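Engineer: The lines below spell out each chain.
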Amino acid sequence: MATVASPIAKSVAGGSFLIENRTPAEVFTPEDFSEEQRQIAETTSQFAANEVLPAADQLEAKNFEVTRSLLKKAGDLGLMAVDIPEEYGGLAMNKTTSAIVADRLSIYASFSVAFSAHVGIGTLPIVWYGTDEQKKKFLPKLATGEWIGAYALSEATSGSDAMNIRTRAELAADGKHYVLNGEKMWITNAGFADLFTVFAKIDGEKFSAFLIERGTPGLSIGAEEHKLGIRGSSTCPLILSDCKVPVENLLGEAGKGHHIAFNILNIGRFKLGAACLGGARNSLTNGIRYAKERKAFGKSIVDFGLVQEKIADSAIGVFVGESMAYRTVGMIDHALAAIEGDAAHSSREIQKRVEEYAVECSILKVWGSEMLDMVVDHMVQIYAGYGYVEEYPAERAYRDSRINRIFEGTNEINRLIITGWLMKRAMTGQLALMPAIAKLMEEVMAPPSFDDPNALDEPLVNEVGLLASAKKIALFTAGAASQKYMAALVDQQEVMGELADILIQVYSFESALLRAQKLSASSSTSAALAQAMVKVHAEHCFSAIETAARRVLAAVAEGDMLRTRLAIFRRLSKHTPVNTIELNRVVARAMIEAGRYSL
Amino acid sequence: MKILVCIKQVPQKDAPLKLNEAGTWIREDVSYEVNEPDAYALEEALRQKEKHGGEVVVITAGPTRSQQVLREALAKGADRAIHLEDDRFGALESTNTARAIAAAIEGEKFDLVVTGLQSDDYGAAQTGVLLAEILGWPHATIIIGIEKTDSGVHLKRELEAGHYQFIDMPLPAVLTIQSGINKLRYATLIGIKQAKMKPMRKVSYGEVEAKLSKNLQRIERLYVPVKQKKTEMLEGTPPEVAKKLVEHLRNTVRVI
Ligand SMILES: Cc1cc2nc3c(=O)[nH]c(=O)nc-3n(C[C@H](O)[C@H](O)[C@H](O)COP(=O)(O)OP(=O)(O)OC[C@H]3O[C@@H](n4cnc5c(N)ncnc54)[C@H](O)[C@@H]3O)c2cc1C
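From first to last, the protein sequence lines stand for chains A and B.
In terms of the working numbering, the first sequence is residues 42 to 640.
In terms of the working numbering, the second sequence is residues 127 to 382.
Just so you know, the hints here were simulated from the structure itself, not pulled from any lab data.
Computed from a predicted structure; not experimentally measured.
It is possible that part of the hints are untrue.
Covered by chain A, according to a simulated footprint, are these stretches of chain B (three or more residues, beta-carbon under 8 Å) [to be verified]:
1. 193-201
2. 305-314
Capping the alpha-carbon separation at 20 Å, the derived lysine to aspartate or glutamate pairs in EDC-like fashion look like this [unchecked claim]:
3. A:268 x A:432
4. B:319 x A:77
5. A:182 x A:127
6. B:139 x B:159
7. B:309 x A:117
8. B:319 x A:127
9. A:103 x A:92
10. B:309 x A:92
11. B:322 x A:73
12. B:319 x A:76
13. B:309 x A:83
14. B:328 x B:181
15. B:328 x A:76
16. A:333 x B:140
17. B:319 x A:117
18. B:322 x A:77
19. B:139 x A:83
20. B:328 x B:205
The beta-carbon is built from N, C-alpha and C at its ideal position, and this holds for glycine as well.
Could you put together the complete structure from these sequences and hints?
Structural biologist: In C-alpha cells:
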C-alpha cells in the first residue's frame with residue numbers, strides 16, 4: 042500500500058488520548074494537507090458543486106440513470122480509485138485522501154451516500170478479503186464506476202444484532218455452488234448496483250460473505266423504500282431464493298465473515314464523520330447567505346445575536362469536527378505507513394492497524410452525525426418558515442442528516458463500543474487506564490498543586506488546564522463506575538452511554554485545542570479565530586462532561602461515598618468561565634464576512 | 127503545435143479583501159486561485175494538443191505560492207512548467223512581465239502563445255499583447271474560437287453587441303482568450319498524482335533582470351470608495367429644474 046507518511050512523528054495507541062498528552066506537533070490537521078491533497082479536495086469540491094448539486098432535483102426523483110452517470114463521472118476523475126491498489130486499477134492513496142474525498146463530496150447527501158456505499162462497504166471487502174482472481178475480476182470495474190457495489194448485511198429482523206442473520210447458504214451437491222435463501226433489507230444502491238457483498242450463514246452456522254452479481258438467477262431486488270431523507274439514494278430489500286452462487290465467489294474464509302462485517306465498519310465510521318463535515322459546511326454557507334438577505338425589524342437577521350450564535354455554533358462544529366477527523370485519519374495513515382515490506386499488502390495487518398483506532402472511529406461517527414444534526418437544525422431555524430418548506434435547501438438537509446445516527450452502527454451501538462472497548466483494554470492491561478485512575482486517586486487526596494508552569498505563556502493556558510481537569514474527571518468517573526460494577530458495567534447501558542459522552546467530549550476538546558495551538562504558529566487571523574472557537578468549545582465540552590459525570594457519580598454510589606466523591610469532583614471541575622457570548626460573536630462575524638465556513 | 131500558456135495566480139473571487147497597511151495593495155493572507163480566463167486558455171491549449179499533437183508548456187511569474195497554478199495546470203495535462211520565481215515578479219507592470227516571460231522562453235520556439243484576456247486582479251488586459259510586440263509576432267485578442275489551418279489559425283473574436291470577427295493568422299502568434307470559450311476540465315486524481323513527476327524549470331529574477339526596464343507605473347493608493355449621501359434642492363420652474371437636472375446628471379454625476 043503506497044501510503045504517504047503524515048508529519049506525525051510518533052505512533053499513538055488507540056484510546057490513549059485519555060491518559061497521555063499529545064503535543065500540537067504530533068497531531069495531523071487540515072493545515073497539514075499536502076499540495077496533492079489540496080488539489081484533490083479542490084477537484085472533489087468542484088465536481089460536487091458543478092455536477093452533483095445541479096442534478097439534485099433529478100436525483101431526488103430517483104432518476105437513477107443520472108445517478109449512474111454521475112457515479113461514472115466520479116469514477117473517471119479517479120474519486121473511486123483512492124482506496125484500491127494500483128495493480129487492480131486503483132490509485133492506492135492514503136486514508137487521509139479518502140477522507141478528504143468523502144468530506145468534499147458530501148454537499149448533497151443522497152449522492153454522497155450512494156458514493157460512500159460504493160467505495161466503502163461496496164468495494165473495500167474485496168480490497169481486503171478478495172482473492173487475486175476476485176480482485177482482478179471486480180476491482181478494475183469498481184474503480185472506474187463502470188460497476189457499482191452494494192453491501193447486504195441487515196435483515197428485517199437483525200440490524201444492530203447483525204450476527205443473528207437468518208439468510209442461509211448450503212453447498213450444492215455438485216460442490217460448485219452455494220445456494221442462498223433469505224431476505225436482506227435496507228440495502229443502499231440495491232436498485233442499480235451490479236455487485237452485492239451478501240452475508241449468509243453456511244448451514245445456518247458459519248457466518249460468511251458472498252459476492253453476488255446482479256442478474257444471478259434467484260437474486261431479485263424488491264421495491265424502493267419511501268424514506269424520510271436521502272430520497273435520492275436507492276434503498277431496497279434483496280430476495281434470495283435458491284440463488285446459485287459459484288463457490289469461487291465466497292469472500293474470505295467460510296465462518297469468518299464477521300471479520301469482514303466489523304472491520305469494514307471502522308473505515309465506514311471515520312468516513313461518515315468526514316462526510317458530515319461537508320454537509321455541515323454546505324448548510325452553513327446556505328444559512329449565512331439567507332441570513333444576510335433576510336430582513337426583519339429593519340435589519341438583516343444576520344445582525345441579531347441569536348442568529349449569530351447559531352452561525353458560530355455551526356462553524357465551531359465544523360472546526361472541531363475537522364480537527365477530530367483528520368487527527369484520527371492522520372494516526373491511521375501513520376500506522377499504515379509504518380507497515381513494512383510484504384506485510385504492507387496483507388489485509389490482516391492493515392485491518393489490525395485500523396482496528397487499533399476503533400474507539401476514535403466510533404467517536405467520529407457519533408460526534409459527526411450529531412454535529413450535523415445540530416447544524417441542520419440551526420439552519421431550519423434561521424430560515425424559519427422558509428426552512429420548513431421544500432423550496433429552500435434547509436428542509437432537505439434537515440431530513441437528510443438524520444440517517445447518519447442510524448446506519449454504520451446506530452449511535453447507541455457506537456457509544457457502547459466506545460466505553461466497552463476502552464474498558465476491555467483497561468481490564469486486559471493493554472491500555473494503562475487502571476494505573477492512571479489509581480494515580481489520580483492519590484493525587485486528588487493530596488492538597489492541590491499548580492499545573493505545569495511552562496504552559497503559562499500560552500494563549501490557551503486556561504483551556505490547557507481545563508482539558509487536564511476534563512481528563513481527570515473522565516478517569517475519576519470511569520474509575521467510580523468500574524469500581525462498582527466491574528465487568529458487569531456492560532449491563533449498565535446508561536452509565537456506559539454517559540461515559541462514552543465524556544470520552545467523546547474529551548477527544549473533541551483535545552483535538553480542537555491541539556489544532557488551535559498548532560495554528561498559533563501560522564497567520565494571525567486564522568490563529569485568533571481558532572483560539573476563539575476552542576475557547577467556546579472548551580466551555581461547552583466541560584459543562585457536558587460535568588453533567589454526565591454528575592449523573593454517573595450519583596448512579597454508582599450514595600451516602601458518604603457519594604459526598605466524598607462530589608467534593609473531589611467539585612475540586613476537579615472548579616474553573617472561571619470565559620465570555621463565550623462575546624467569543625461567539627467574533628466567530629460569527631468572521632464567518633459572515635467570508636460568507637461561509639472559513640478559517 | 128508547441129503551445130505556451132501564461133497563467134497568473136490571483137486572489138480568489140469570493141475572498142474578502144483587506145487592504146495592506148500601506149494601502150497600496152491587498153493583504154497577502156487571502157486564498158489564491160488561477161486567473162479565470164487563463165484557465166480557459168489552458169483548456170484551449172490542451173484541446174489543441176489533443177487534436178493536433180505537440181506540447182503544452184505553462185509559465186507563471188510570481189512568488190513561491192504561485193507555483194500552485196503551475197501544479198494545477200500540470201495536473202490537468204500540461205507537459206511541463208516554467209516558474210519565474212521571485213516576490214518581485216508580482217510587482218511588475220505588464221510590460222516588464224511580458225519582457226520577463228519573453229526572456230524566460232528564449233530559444234523555446236513556440237508555435238502559439240495563449241494568455242487569458244485579462245487578469246482578475248489588475249485587469250489591465252496588456253500582458254499578452256505586449257508579449258506579442260516583444261516577440262515580434264502577430265496577436266489577436268478576445269478569442270472565442272481557434273481552428274488550426276494549413277497556413278496558421280482561423281480565429282473567432284468576440285466584438286461588442288453580439289458581433290463576431292473571423293480572422294486568419296499565420297503562426298507563431300499570441301492570442302488572448304476569453305472566458306467561456308470551452309468547458310473546463312477537472313484535474314483528475316491520476317493527473318494530480320502524475321503532476322509531481324513533471325518537469326518544472328525555475329527562472330530567477332537575476333536571470334531576466336537585464337531584459338527589464340524600470341517600472342514606470344506604481345500603485346500610490348488603493349481604497350474602498352466611501353459611500354456619501356448629499357441632498358441638493360434644485361430651484362426654479364419645472365422646465366428649468368428639468369434642464370438643471372439633466373445637466374447635473376450629464377456633467378456632474380455622469381450617468382447619462
Ligand atoms: C437508508 C438506509 C440505508 C441502509 N443501508 C444499508 C446497507 O447498505 N447495508 C446494510 O447491511 N444495512 C443497511 N442499513 C441498515 C442499517 O445498518 C440498520 O438499520 C442499523 O444497523 C440499525 O438496525 P435496525 O434498523 O434493525 O435497528 P435495531 O437494531 O432494531 O435497533 C432499534 C433500536 O434499538 C437500539 N438497540 C439495538 N440493539 C441495542 C443494544 N444492544 N443496546 C442498546 N440499544 C440497542 C438501536 O440503537 C435502535 O435505537 C441501512 C438502513 C437505512 C435506513
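Engineer: So, for every hint listed, does it hold in this structure?
Structural biologist: Now for the hints, and whether the structure bears them out:
{"no.": "1", "hint": "193-201", "result": "holds (count 4)"}
{"no.": "2", "hint": "305-314", "result": "holds (count 3)"}
{"no.": "3", "hint": "A:268 x A:432", "result": "19 Å, holds"}
{"no.": "4", "hint": "B:319 x A:77", "result": "7 Å, holds"}
{"no.": "5", "hint": "A:182 x A:127", "result": "13 Å, holds"}
{"no.": "6", "hint": "B:139 x B:159", "result": "8 Å, holds"}
{"no.": "7", "hint": "B:309 x A:117", "result": "16 Å, holds"}
{"no.": "8", "hint": "B:319 x A:127", "result": "12 Å, holds"}
{"no.": "9", "hint": "A:103 x A:92", "result": "16 Å, holds"}
{"no.": "10", "hint": "B:309 x A:92", "result": "12 Å, holds"}
{"no.": "11", "hint": "B:322 x A:73", "result": "18 Å, holds"}
{"no.": "12", "hint": "B:319 x A:76", "result": "10 Å, holds"}
{"no.": "13", "hint": "B:309 x A:83", "result": "17 Å, holds"}
{"no.": "14", "hint": "B:328 x B:181", "result": "19 Å, holds"}
{"no.": "15", "hint": "B:328 x A:76", "result": "18 Å, holds"}
{"no.": "16", "hint": "A:333 x B:140", "result": "15 Å, holds"}
{"no.": "17", "hint": "B:319 x A:117", "result": "14 Å, holds"}
{"no.": "18", "hint": "B:322 x A:77", "result": "8 Å, holds"}
{"no.": "19", "hint": "B:139 x A:83", "result": "15 Å, holds"}
{"no.": "20", "hint": "B:328 x B:205", "result": "15 Å, holds"}
The structure agrees with every numbered hint stated previously.
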